Amino acid sequence: MKDETILITLNGKTVTATRDETILDVAWANGVDIPRLCHLKGLTSVGACRLCLVEVAGVPRLLAACVTRVTDGMEVTTDSPRLQSHRKMIVELLFAERNHICAFCVSSGDCELQDLAQKLGITHIRYPYRFPVEEVDATHSRFVHDPNRCVLCTRCVRACGEVEGARTWNVKNRSILSRVMTDLDQPWGDSLTCTSCGKCVQACPTGALAEKGRATGENTKTPGLFPRLTSMRGTRD
Amino acid sequence: MSKTITIDPVTRIEGHSKITIQLNDQGQVDEARFHVTQFRGFEKFTEGRPYYEMPGITARICGICPISHLLASAKACDDLLGVRIPAAADRARRILHMGQTVQSHALSFFHLSAPDILLGMDADPAKRHVLGLAQAHPEIAKEGIWLRMFGQQVIEWLAGRRIHPAWVVPGGVATPLTAEVRDKILEGIPRAIEITQRALELWHGVLGEFKEEVATFGNFPTHFLSLTAPDGGLDLYDGNLRLRDAQRGIVADQLDPTAYDEHIGEAVEPWSYLKMPFYRPQGYPEGIYRVGPLARLNNADHCGTELADKELAEFRKLSANGGAVLSSFHYHYARLIEILYCLETARELLNHPDCLDTNVRAVAQPSRREGVGVAEAPRGTLIHHYRINDGGQIAWANLIIATGHNNMAMNRGITQAAKKFVHGDRIEEGALNRVEAVIRCYDPCLSCSTHALGQMTLRLQLLDSNGNVLDEKARA
Ligand code: SF4
Ligand code: SF4
Ligand code: FES
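Each protein sequence line maps, in turn, to chains A and B. Going by my numbering, the first sequence opens with residue -5, and the numbers climb by one from there. Going by my numbering, the second sequence opens with residue 553, and the numbers climb by one from there.
Hints listed in this document are in silico derivations from the structure and should not be mistaken for laboratory results. Computed from a predicted model, the values in this text were never measured in an experiment. Every residue gets a Cβ at the ideal spot worked out from N, C-alpha and C, and that includes glycine. One thing to keep in mind: the hints can contain errors.
Chain A regions said to be covered by chain B (calculated; three or more residues, Cβ under 8 Å) [said to hold, decoys possible]:
id : stretch
1  : -2 to 12
2  : 208 to 214
Just so you have them, the derived chain A footprint on chain B, three or more residues with Cβ under 8 Å [claimed, not checked]:
id : stretch
3  : 603 to 609
4  : 757 to 769
5  : 924 to 937
Distance windows between CB atoms, simulated [stated by the list, open to error]:
id : chain 1 : residue 1 : chain 2 : residue 2 : range
6  : B       : VAL915    : A       : GLY67     : 55 to 61 Å
7  : B       : TRP948    : A       : LEU87     : 31 to 37 Å
8  : A       : PRO126    : B       : GLU595    : 54 to 60 Å
9  : B       : GLY835    : A       : ILE170    : 32 to 38 Å
10 : A       : PRO126    : B       : VAL915    : 45 to 51 Å
11 : B       : ASP805    : A       : ASP109    : 52 to 58 Å
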């Protein structure tokens, strides 16, 4: 039964949970903070960023808390030197992969990537920067897409598809060349499907999607809007 | 493999500036040149960025006067939006600019130049810096530090951060002034004015000892360019361009600053990365002009505040028969007068009945493809010029910085000083100090002008007529 109550151990403490919950849900309910980036409450989870990795006793590999359901008696550790080192590495790689210059970024001060770096105590990047040449798409009348700051979390893709139902955003290419795109890789301003609702902007954890005309640090967002929206319309199955 | 790239501040300073002194066949000084390897990558780098990021980006060009770039850039953006910003925003930006000018001028005068002026040009270089000043004249050094800090605090109180604040935005400012900040600034102004007045007294006291420096530190006729208010008064934030000649005759007045490129050309010399702006109607190099405090005071009809105007009357007496004050040594004097003006003006603005008005931002979409913003940075006229595409991305940008305007005058100034003070095939300590001090009169906004707090950060080379290096001086 999905809502059957079970017991698990979370960082040495016994807590209750239901079978349909993920490790992340349970941690959340118990005030334990697990870093995450691609997960956004109100959207389906895809387990893409791997920041929410946790240790589960008896399982040699690390598991993504956002997509792993709890089982009876599961022993979960959410913080350890090993996990810290993995998380740091992931965040550093995200910075190395694109061009993040927080100093004049519209999202500086309200950016989930920046927050993570601060929380993890990242002071420098150990990997060579790739400095890709990325074109800003400013063709939309209200929003801007700046791939220099994208972390490929696909939250925009899911917000647009699952909540707005427009499916404007999608992912193109593979591996290191992956990018999000609008429609069939047309300029956002020419998109026939975009309803200009702005949900993708609210879902985006970084300055990659922003409202036009915001000065440095002014692109504050309300990602907490999604659980409200989805609960108001009933969950999608 | 990970790679560590280290940017060594020492090599950066080295790369920034070098002076060469060229001797002729007779072994006399022919010409001196100030070489700048300036980083001009900003214009290219900004292409493709949304226009509203420009204030934030360009404020990072310089850690010494970021507010000036912020303002010139925001003004260029206002122009793109086609808006007139609310009056309260205009006042708020001006107060911020006052804070910036006070801190920058205080740094230039007290920290960088006062050691030369109060300890003497021939003083032991090991003591001729702000710490040496603190030993010899503890009161002045302390007051100078306080004054600079006050200017910085004004910026921090208003904009939240001392360096690189994001408070100035296209269309105005992000948040209105609060009563608390207003009162804090007003409380500090009387002490700041007293300090400036004491510095002025000191200046008048020692000026007589610097006859040679006054005569040879960039003392030659040029034009002077600056913004002035529509009534011809001093204005550091807005207004129109005015150009006077060495006789203080008006050559051009109330030029629309957005049409700057009709009046100002930029020449290129193979030995400097810094372009040489000149006044177009007179051509290059005849169209040489100076900008900055000296130019502004020569240009303005009045300051418009009581104490500054009194000092301005003294300043005018420095030139015979009503001409412009020509010696670059008096940049120092002009800076002190401007500090007074800034403090008095800030007080007026803060006492304005609508000082705390909350209407401080005009929200709009760009209505023009091209925008120009001009402001008087502490060091002179600063121009930002952008073109954008339909989406509001920067398609082209041009920035003319104050140090650029003064480029020709600086070269002429060091040539003049070198001719007077450099003899034979060696660079004597005193000559080195003086050539360096000429550069400091212009307070060029290169990191070298501040990093080492008045110590030698320039490299000086003496070349014979065949280009062989005879002597080289640089202090570590
Ligand atoms: S998106 Fe975040 S991390 Fe990237 S530049 Fe902007 S503030 Fe910095
Ligand atoms: S644009 Fe934003 S929301 Fe979309 S994938 Fe990139 S970072 Fe995530
Ligand atoms: S939050 Fe779980 S993988 Fe991204």
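So does A:PRO126 sit 54 to 60 Å from B:GLU595, Cβ to Cβ?
-> violated (21 Å)
Claimed coverage, the stretch 603 to 609 of chain B by chain A - three or more beta carbons nearer than 8 Å = Since three or more residues must qualify, the claim that chain A covers the stretch 603 to 609 of chain B holds, with 5 doing so at under 8 Å.
Using the beta carbons of A:PRO126 and B:VAL915, state whether their distance is inside 45 to 51 Å or not.
-> About 33 Å separates the Cβ atoms of A:PRO126 and B:VAL915, which means 45 to 51 Å is violated.
Assessment of proposed distance window 31 to 37 Å (beta carbons of B:TRP948, A:LEU87) | At roughly 35 Å between Cβ atoms, A:LEU87 and B:TRP948 fall inside 31 to 37 Å, so the hint holds.
For the stretch 924 to 937 of chain B, do at least 3 residues have a Cβ located nearer than 8 Å to some Cβ of chain A?
-> violated (count 0)
Three residues minimum, CB to CB under 8 Å: does the stretch 208 to 214 of chain A make the cut for coverage by chain B? Let me know.
-> Three-residue rule met by the stretch 208 to 214 of chain A, so holds; n is 5.
Are there at least three residues in the stretch 757 to 769 of chain B whose beta carbon sits under 8 Å from a beta carbon of chain A?
-> violated (count 0)
Cβ distance range 52 to 58 Å for B:ASP805 and A:ASP109, holds or violated | holds (53 Å)
Counting residues of the stretch -2 to 12 of chain A with a beta carbon closer than 8 Å to any beta carbon of chain B, are there 3 or more?
-> violated (count 0)
Could you check the hint for me, namely that B:VAL915 and A:GLY67 are 55 to 61 Å apart, CB to CB?
-> Given about 57 Å between the Cβ atoms, the range holds.
Can you let me know if the beta-carbon spacing of B:GLY835 and A:ILE170 is within 32 to 38 Å?
-> Since B:GLY835 and A:ILE170 have Cβ atoms about 54 Å apart, the given range 32 to 38 Å is violated.
Consistency note: the structure conflicts with the earlier hints numbered 1, 4, 5, 8, 9 and 10.
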